[in-house]
Structure formats: C-alpha cells, structure tokens
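Whenever a hint applies, use it, and build me the whole structure from the sequences.
Single-letter residue listing:
Number of protein chains: 2
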Amino acid sequence: MKNTMRLLFATYVQLLAVAIQAQAIPDDVMQRAATLRDNAMRGSEAYRIVESLTMEVGPRSAGSAGDKAGVLWAVDMLKSLGLKNVRREEVLVPHWDRGTISVRITSPFPQSLVATSLGGSPGTAAEGIEAEVVRVESLAELRALQSDDLQGRIVYIDHIMQRAKDGGGYSKASRIRSCGHVVAAERGAVATIIRSAGTSTHRVAHTGSMLKNFIPADIPGVAISNSDADLLSYQMRSGMPVMLRLHSTARFLPDVVSANVIGEIPGRGDDADEIVLLAAHLDSWDLGTGAIDDGAGVAIVSAAAKLILDLDERPRRTIRVVLYADEEFGGKGAKQYLKDHADQVENHIIGLEADFGSGRVWRIASQVAAGSLDIIDELHRLLAPINLERGDNKATGGADLGPLRKAGMPVIGLTHDGTHYFDYHHTVDDTLDKINRDDLNQSVAAYTTAAFVAANIEQDFGRLPLIDKITTCAAEDDK
Amino acid sequence: MKNTMRLLFATYVQLLAVAIQAQAIPDDVMQRAATLRDNAMRGSEAYRIVESLTMEVGPRSAGSAGDKAGVLWAVDMLKSLGLKNVRREEVLVPHWDRGTISVRITSPFPQSLVATSLGGSPGTAAEGIEAEVVRVESLAELRALQSDDLQGRIVYIDHIMQRAKDGGGYSKASRIRSCGHVVAAERGAVATIIRSAGTSTHRVAHTGSMLKNFIPADIPGVAISNSDADLLSYQMRSGMPVMLRLHSTARFLPDVVSANVIGEIPGRGDDADEIVLLAAHLDSWDLGTGAIDDGAGVAIVSAAAKLILDLDERPRRTIRVVLYADEEFGGKGAKQYLKDHADQVENHIIGLEADFGSGRVWRIASQVAAGSLDIIDELHRLLAPINLERGDNKATGGADLGPLRKAGMPVIGLTHDGTHYFDYHHTVDDTLDKINRDDLNQSVAAYTTAAFVAANIEQDFGRLPLIDKITTCAAEDDK
Numbered sequence: 017m018k019n020t021m022r023l024l025f026a027t028y029v030q031l032l033a034v035a036i037q038a039q040a041i042p043d044d045v046m047q048r049a050a051t052l053r054d055n056a057m058r059g060s061e062a063y064r065i066v067e068s069l070t071m072e073v074g075p076r077s078a079g080s081a082g083d084k085a086g087v088l089w090a091v092d093m094l095k096s097l098g099l100k101n102v103r104r105e106e107v108l109v110p111h112w113d114r115g116t117i118s119v120r121i122t123s124p125f126p127q128s129l130v131a132t133s134l135g136g137s138p139g140t141a142a143e144g145i146e147a148e149v150v151r152v153e154s155l156a157e158l159r160a161l162q163s164d165d166l167q168g169r170i171v172y173i174d175h176i177m178q179r180a181k182d183g184g185g186y187s188k189a190s191r192i193r194s195c196g197h198v199v200a201a202e203r204g205a206v207a208t209i210i211r212s213a214g215t216s217t218h219r220v221a222h223t224g225s226m227l228k229n230f231i232p233a234d235i236p237g238v239a240i241s242n243s244d245a246d247l248l249s250y251q252m253r254s255g256m257p258v259m260l261r262l263h264s265t266a267r268f269l270p271d272v273v274s275a276n277v278i279g280e281i282p283g284r285g286d287d288a289d290e291i292v293l294l295a296a297h298l299d300s301w302d303l304g305t306g307a308i309d310d311g312a313g314v315a316i317v318s319a320a321a322k323l324i325l326d327l328d329e330r331p332r333r334t335i336r337v338v339l340y341a342d343e344e345f346g347g348k349g350a351k352q353y354l355k356d357h358a359d360q361v362e363n364h365i366i367g368l369e370a371d372f373g374s375g376r377v378w379r380i381a382s383q384v385a386a387g388s389l390d391i392i393d394e395l396h397r398l399l400a401p402i403n404l405e406r407g408d409n410k411a412t413g414g415a416d417l418g419p420l421r422k423a424g425m426p427v428i429g430l431t432h433d434g435t436h437y438f439d440y441h442h443t444v445d446d447t448l449d450k451i452n453r454d455d456l457n458q459s460v461a462a463y464t465t466a467a468f469v470a471a472n473i474e475q476d477f478g479r480l481p482l483i484d485k486i487t488t489c490a491a492e493d494d495k
Numbered sequence: 017m018k019n020t021m022r023l024l025f026a027t028y029v030q031l032l033a034v035a036i037q038a039q040a041i042p043d044d045v046m047q048r049a050a051t052l053r054d055n056a057m058r059g060s061e062a063y064r065i066v067e068s069l070t071m072e073v074g075p076r077s078a079g080s081a082g083d084k085a086g087v088l089w090a091v092d093m094l095k096s097l098g099l100k101n102v103r104r105e106e107v108l109v110p111h112w113d114r115g116t117i118s119v120r121i122t123s124p125f126p127q128s129l130v131a132t133s134l135g136g137s138p139g140t141a142a143e144g145i146e147a148e149v150v151r152v153e154s155l156a157e158l159r160a161l162q163s164d165d166l167q168g169r170i171v172y173i174d175h176i177m178q179r180a181k182d183g184g185g186y187s188k189a190s191r192i193r194s195c196g197h198v199v200a201a202e203r204g205a206v207a208t209i210i211r212s213a214g215t216s217t218h219r220v221a222h223t224g225s226m227l228k229n230f231i232p233a234d235i236p237g238v239a240i241s242n243s244d245a246d247l248l249s250y251q252m253r254s255g256m257p258v259m260l261r262l263h264s265t266a267r268f269l270p271d272v273v274s275a276n277v278i279g280e281i282p283g284r285g286d287d288a289d290e291i292v293l294l295a296a297h298l299d300s301w302d303l304g305t306g307a308i309d310d311g312a313g314v315a316i317v318s319a320a321a322k323l324i325l326d327l328d329e330r331p332r333r334t335i336r337v338v339l340y341a342d343e344e345f346g347g348k349g350a351k352q353y354l355k356d357h358a359d360q361v362e363n364h365i366i367g368l369e370a371d372f373g374s375g376r377v378w379r380i381a382s383q384v385a386a387g388s389l390d391i392i393d394e395l396h397r398l399l400a401p402i403n404l405e406r407g408d409n410k411a412t413g414g415a416d417l418g419p420l421r422k423a424g425m426p427v428i429g430l431t432h433d434g435t436h437y438f439d440y441h442h443t444v445d446d447t448l449d450k451i452n453r454d455d456l457n458q459s460v461a462a463y464t465t466a467a468f469v470a471a472n473i474e475q476d477f478g479r480l481p482l483i484d485k486i487t488t489c490a491a492e493d494d495k
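Chains as they are written, first to last, in my numbering: chain A, 17 to 495; chain B, 17 to 495.
Keep in mind that the hints were calculated from the coordinates and are not lab data. A few of these clues could be false.
In this list, chains with the same sequence are indistinguishable; a pair is considered to hold if it fits within one copy or across any two.
Within a straight-line C-alpha distance of at most 25 Å, the following computed SDA-like cross-link-like pairs (lysine to any residue) qualify [stated by the list, open to error]:
| # | residue 1 | residue 2 |
| --- | --- | --- |
| 1 | Lys84 | Gln127 |
| 2 | Lys351 | Trp89 |
| 3 | Lys495 | Arg114 |
| 4 | Lys485 | His436 |
| 5 | Lys100 | Ile176 |
| 6 | Lys181 | Thr217 |
| 7 | Lys95 | Phe125 |
| 8 | Lys188 | Met259 |
| 9 | Lys95 | Glu72 |
| 10 | Lys188 | Thr217 |
| 11 | Lys495 | Ser123 |
Structure representation (structure tokens):
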C-alpha cells in the first residue's frame, strides 16, 4: 500500500513537471498510461502464456515438430486473447538436426567432455576426427596463426564470456561462435571447439548458430561447458600434446515451411494504417524448452497487447504483435516479414522487441529521429516509477527488428536485467523455473506502457537512415 | 593481521580457561594444536590434490577404468606426500554400467526429459517400456496404494528435497531412492521415476545407488531433474492420462578387483599400535569428476596428514589415512577393511571421515563414550576460533566409518556447510570449479587439529555399544 502511494505521488509530480513543458504525450494519454502501467504491475496473462508454451509445446527449433506445434499453439493463444486478424504468414526455414555428439580427450589424461554441436554444424565422418588441439583465446590470436600451425588440427578458442547487466559480453563471445570456424578453416583446421558463449557455472554446454550470413560451415563447430573448458585448459597447461576425439551426427535436413504468427489491435480511426510493432520470436533452441528465449518475449508482448485490448477505447494506431519464425537460425522469419510487407514499411512507425529474457526492465533506450527524443524523455518519466533509467539513442532494438530498422523504422529498446540471462540462454537450462513472476510483471508493465503511448500520441518517431552493410568474418568487422 | 591478532587473543583466553580446569588435552598439545590449526588456515596441499585427481583421473565409479586409474593415482599421491606403509588392499567391487537412457512423455504433451538411471538399475527390454504414470509424493502414499492401482504402471515419486545446512533433507530423499522401487515392484509397477534427490535448480539429474543391502532391483529406477519433475507434475495436473516411454541399457558387468588405498604416520612409542583413522573415499559417481564427492575428502584427510607429518615430532598414536573403494555402491571397501583388520578393531580409538564436500566446517559433533566428552569440549575450544559450534554426541561419522562404528569405534563428526552440497552431489556438476579454496583450507584446519589432538593425548574415547541392526525397506524403517 505504501508503495502504491509512493508510486501515485511520483506519477503526480511527473505529470506536474510535464504539464509546464511542451508535451509530446498529452495529459490524458499520460494519465491513462500511468493507470495501465500500475494495473500491469499487478499481473497479467504473461506467466500463464509462457507456462503453457514451455510445458505443452516445449522445444521448437526451426523446422522441428515442436516448431509446427508452436505455430498452432500461437494462433490459438492470440485468438484466445481476443486479438484481431490472427494469422500465420508462411516462412521457409532451415531444418538442422543436432544428432548425437561425443567429445573426448584421449591424451594426456583421457576424459569425456560435456559438449554440444553449434547450430548449423556439419557432422563428422563416421570414424570421427582425432587430432591435436591448438588453443587460442581470441579471434586476433587465431588470425595470427599460419596454416603450418593449424593444418589438420582442432582449434580450441578459450574465451571467457564476461557477465554484465546489459549482456554486453555476448557480442564478443557470439562473434567467436559465428566466425571462429571460418578463420580456422581458412588455415586448414579440421574442427573448432569453443568455450561456451555463456556464463553458466553449471555443466551445460551452450549452443547457438555458427552460421554467418547463411554461409554453410566447412568444419564442425562444438561448444563445451565452462567446467569442461577449465578441464581442457588444465590439460593444455601440462605442456604435453593434447589429443581430442570428436564424433557428431549433426546435419541439415530439407527446409520446412513454418510461419510468422500475427495478431492485431486495429487502430480506431485515420491512423489505423500506422503500425506499432510488438515483436518476439516463437522458435527456440532444441535443448531447453525456450522459456527465457523467447517464451518470455512471446508472453510479454502478447500480455501487453491483451492489457491494451481490454481498455475501453481502441488505440489510434494499430498495434501488431508479430511472433517471428526462425530467429535463432538466421532470421528467415524477419526477412520474410519484410518481403511480405514491403508496401507497409513506412507504416511501421516504431518497433519494440522482447527477446532478452524476463529480468526486470531497467533502462529505456531508443533509436529514433533526433526530433522525436522528447517522446522518449516523457516516456521515461512514465517508466521511472517502475525503476527504468534513461538510455542512449543507439539501441538496435533486437534481431527480428533488424530488417525493418535497416529499412528506416525507429525502435525503442527496453533493456531487461541480463545479469543471469546467459546462465540459461541456449542451454538445456532454459526452462520455466528460471522465470520470476514479479520480474515478468514489471517487464509487461514497461512494454504495455510504451506500446500504449506510441499507439495513442499524434507525433511519430521520424525515420532512421537506411543501412545495407552486411557484417562478415573479416578482421575489420571484429568487435 | 587484525584477524590473526583476534585469533591469537581468542586462543589465549581459551587456553587460560582450560588451564584452570582438569585437562583432557595437556597444555603443550593444546598450544601445538593451535599453531598447527593456524598454519593449516594459511593453506595446504589440499587444493592441488583435488585438482590433480579431478583433472587427471576424473570419474572413477566402482569397477571402471577410472577407478583403476584412481587407485594408482592415490598410491602415488600418498607416497609423494611422504606417508609410510603406503599400500593397496584389494576389494572386490560391483561394476555397473549406466549405458544410455531416454525418457519421454508421449501423452498428453510429448516432451523428452533429462533423466539418469539410478545406480544398480536394470535396463529395459530392447523395446523399452511405455506405461501410464501414477504420481505419489511419499513412500507412505505409495504404500497405501494397491496392486490394482499400480499393476503395469510407472510410479512417479515427486518428493521435493529440502535444502539444509546440515544436509538433513537427504535422509528422506535417499530413502525414497533406495526403497521406492521395492515398494512399487511389490505392487506390480514396471518402473519408478523419482524427482532428483538433490537441490539443484539446473537441468541435471541426480544419480545415486538404488540398492538396499545389495539386493538387486527388480524394476528400473530413474531420476529426472527438478525442472523436468516440474514439467511432469504440470502434465499430471492436466487431469489427462500421462504416458511415459522409457528405454535404458543399464546393466551389471562382472565384479572387478579394486582397492582401499592406505598410508600412515606411524606413532612414536608405546601407543603406536593405536590408530586414529582418517577416512574418505576414492571412488565417485561416473557423471561428474568426483570433486566434492569425494575428491574434497581425499584432499582434506591427505593434506591434514601431510601437515602433521611435517611437524618436528611424530604423534604418540599412529594416524592412518584410508581412501576407501566403493563407498557409492554399497560400501564394499569399508566392509572389506573391517574383515582385513578384524584383529585391530579395538586399536581404532577414533575415526574421522571427510565425505560431505568442501564447505566450511561449522560444527564438531561426536559419538564417544560419555566419560570422554571432556576431550570433545576442549577440542571445541580449540576449534571455536575458526567458527565451529558444539554439536551433540549422536554423530554417525559417515558411511565408510559405519562398519567400525557398529563394532564399537567412537567417531568425531566435523560437519561441513552443506547448504549447496546437494546442488552438485551425484550429478555432472560435481567438478573442481565448485570448490572454494578458502573453505577447503578451513576444512583442512579442522581435521588437522582434531587428528593431531586425538593422536597426541593419553586419554582415549572409550568404546561404543555394538550394533547389528540392518535397516530394510519395511515401513517401520521409514524416517
């Protein structure tokens, strides 16, 4: 009760502060948004949604039976919430099968390692690979080696990902995952083993795509758990040659038709053709049940839409929920969406993507036209009572918003607390029990408030410059 | 420095307090013990020992190649420390092979579960088992069911183990693991699935022996991780019949000769035939590298002996380090030791076993003759400066001390902080990175001090009453 009073008072002070300035967000929108925010903090459909998705559908990697089940589930779920124009839009997705894997140190001290194939890895020949290991700590160190050092060897990239609230350590770690094998193969290596691109101290290996721009990998790529990386590094420190045996049956199967699943709250008038995009992805990796990645996002954006749908009045603009196919394997869903809606690109006035778990949202960042930053400032005042800081205007929005952002769509980035996200992400440990209900409620409140405001003000967020740069595995693109 | 001063002062006050009473531990022993304790706090060989064992030998379940390698390693290790009479004493141990396992819910919502066979489980026929699941939460609930309820069914025992500093929750959980299948098989069930007898919130399943008194199990026993138990329980709550498919290739292979590995610090005079026993076990489960269970114990007792060996004077009594074979699979090592040393039973004046990880020792308990409790009181005063509480006189000492204790040997129980022990114990997660060096040093200090005192005083600990009770799976033995 005390907290509610404090919240009300804080809101009142902010409204007062806003009232004496020029306002991008009118008073009535501000007031209704504050009420909506406080309602959302008290709970929503989000937990029930992610519970149902993880417990009843489970893993849903692109092209799998679970992916198909997930699409059916999502159509039902959005319809049951009462969203309009619920539909599936077909997407041809890759279908990679992990198969089985075994990784064993055969010398100097034989031990089996907990390992997993990286997404898109080819398997080995039936007899497997046995080779000496060469250890490096970075792509730069790998690039400095010559073919003489690496020919016929297994490259082991022992980079320890740094834990950070904003998930910042992942950028370097995932760059190694998607480019290490390219650099290694160029120099004649026969496989790459990486220390997991994650912060788990448990003995679970971390998967994730090893493909860069859909280029098939030449050599197998494998991740070992942090504990197993400690073991391999210990043996390397012995100074004796370390031999590793690797066998994997990973392979690609034919592409499969999956779908982006879409539902809407149609806008109420002249602005109904303008779209506020709420994005998450429906696919997951195959190891866990896809709770934090990205069942949480599916739940957050769907529950946010439901809260806005339940208001007395429809928003001015249309709110469109898009649950994308195939975020994990290269983003075929997002690319297909851009093709399918090429004539609507300019109508997407802002995008918000939930794809960083269910930790508390602690920051609102953006990438909008400079003239629209006052909206973000005012939105921040609305969100400060639920403990959001003000971020910069360099947000990228998320992977699924990438194609639209590069085509000019502005984005709002609501940053979840990612301190523990990479303890679970892309591992068997991505399960429902990692989601805290209070944190999830707060996340829903942040998205609901931002989406409501964006859909109800007159002003827009401008447009962003067009981008056609594609990052490669060349040294100049290393971060 | 401040801490050292505080420690010195506290010790001084205690010495003073002791000096004005009748003393079981003479002044000079008290003083040397305090110095030894403080030295041990500054470090020992313990970490290096457990690092070498886990990184170079790794898993060493009874009868496996790792078990054999562990015995060779242990002989070398004790010799390298300079212990005397280092030897192996042969023990015939069971050799069970985990094989492969798959557990899948086939209805109502198909999903694969992270599972592991319980030690000693038979496998399934090649076609596997598919049956409806009956869920209970306790042995009492299972005992109340009739054959009509269970015939041809899979029993799922969904008991959530409680976390506790003294590990108290394990007693009930492990009772379910070793007796659930017996009660279920009597009523016609075809398999048992248990929620892991551990506190890990990660998706790792917890193994451990399902045998009770070496009686072979009639039906397969499987543990699923806590996350997977949540999933199975969710599906049971749907009210629809839940079908499970189970396939396992677990089996027993022929028994194998392993060994207890022993080393000594021979006593210096007339009391040299009296033995202070320092116990740990060399075998481990096959899933992890046996770091906390019981690499830590091996390291603690070996490092403690080394610290005492390095003193100017040998102890009055002999200190014998025994690294037992096969603690995990029923304790053949401890039983064989009792047979091999039947004529020495009375010479074992006290036993200390380290088999509860490497958390800080927070309590000294005992089971000694009432007339010898003054020694434990005085020992507690020596250990209070490193934060030990005084426990009761009901300690059991540990599994490997069991046969000797039942034959009358008193025990001292140094209780480690077990709050997180069952997050790792018996899982793939039992690896070196779970060991904290400072906690390990403190543990070594506690064992070193206690062993030094026991080996250097004149008084003994009396004898305990003989016990020949064998617990069974009957209801009256449920805890």
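Check: Which earlier hints can't be squared with this structure?
Finding: Violated: hints 3, 4, 5, 8, 11.
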